[in-house]
Amino acid sequence: MSGASGRGQGPDGIRVRIRLFASYAEAAGRDAIEVVLPAGAVAADALAVVRSQPWAGRLAPSPAVAVNQRYAKADVVLRDGDEVAVIPPVAGG
Amino acid sequence: MWAMSGWLTDRPIDVARLVADVASAGSGGTVVFVGTVRRSEADGDVEAIEYSAYEEMADAELGRIVDEARAQWPGVRIALQHRTGRVPLGEASVVIAAAAPHRAEAYAASRFLIEETKRRAPIWKKERLATGAGRWVEGRPGGG
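Chains U and Z supply the protein sequences, listed in that same order. Under the working numbering, read the first sequence as residues 1 to 93, first letter to last. Under the working numbering, read the second sequence as residues 94 to 237, first letter to last.
Okay, chain U solo, but in the shape it has when bound (with noise of 0.2 angstroms):
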């Protein structure tokens, strides 16, 4: 995975990897999925590769969503190498 330096995109799109946790991790069998997607996607467009998986039935309705460890919203616009994360219902404190 390319570094901070490595901001833009090739001629396939960006790559993203996006981070499972908890419930959907277990659910998944996995912690991440590596996608690439065109350029100009969207937080949305990487949850909707999400909701394509077999066992999404387990996500909430309106999973939050996080780009870079920060809450994002669906319209955020992605860039090249960045982390996203689907957020279940958290449980802290």
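Each hint should be verified, as a subset may be incorrect.
Some chain Z residues judged to face chain U by a derived CB distance under 8 angstroms, without partners named [stated by the list, open to error]:
hint	residue
1	Ala-116
2	Gly-128
3	Ser-145
4	Met-150
5	His-175
6	Arg-179
7	Pro-181
8	Thr-210
9	Gly-232
10	Pro-234
By construction, these hints were calculated from the structure, which means they are not laboratory data. What you are looking at is a predicted structure, and each value in this text was computed from that prediction instead of being measured. For glycine and all other residues, C-beta sits at the position ideal for the given N, C-alpha and C.
Since the structure of chain U is provided, determine the placement of chain Z on it from the hints.
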């Protein structure tokens, strides 16, 4: 360093140490919140809670929450530790110490910190039952 990171730890929380960390000559009141693993009537067979976290983001988000408290109540001194991993019944899962010149600010900051931690921190819990089975606890939606 006994803490895994700034705000998370996988070891029992030293409450006295957190209180000492926020002590200062200017402090008139210190409020300590201790969140403990409990067993409700409905969950009679729970022995422990396993906390898991998106650690890099939990660290960042807890840092943001603490910064917001400091901005809202200037002069408040804050220490916060949240456990990850297995926490047995009765043990502390989160401890927040808030010290301020006057108790009103310490109480207000303490309340803010626990409410925001519960609302935003990417941390999850799984009940571990006496049978050895695990059961995810339904969380709160939202987050950011």
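Hints and how they fare:
no.: 1; hint: Ala-116; result: 24 angstroms, violated
no.: 2; hint: Gly-128; result: 6 angstroms, holds
no.: 3; hint: Ser-145; result: 6 angstroms, holds
no.: 4; hint: Met-150; result: 4 angstroms, holds
no.: 5; hint: His-175; result: 6 angstroms, holds
no.: 6; hint: Arg-179; result: 15 angstroms, violated
no.: 7; hint: Pro-181; result: 17 angstroms, violated
no.: 8; hint: Thr-210; result: 4 angstroms, holds
no.: 9; hint: Gly-232; result: 3 angstroms, holds
no.: 10; hint: Pro-234; result: 5 angstroms, holds
Of the numbered hints listed earlier, those contradicted by the structure are 1, 6, 7.
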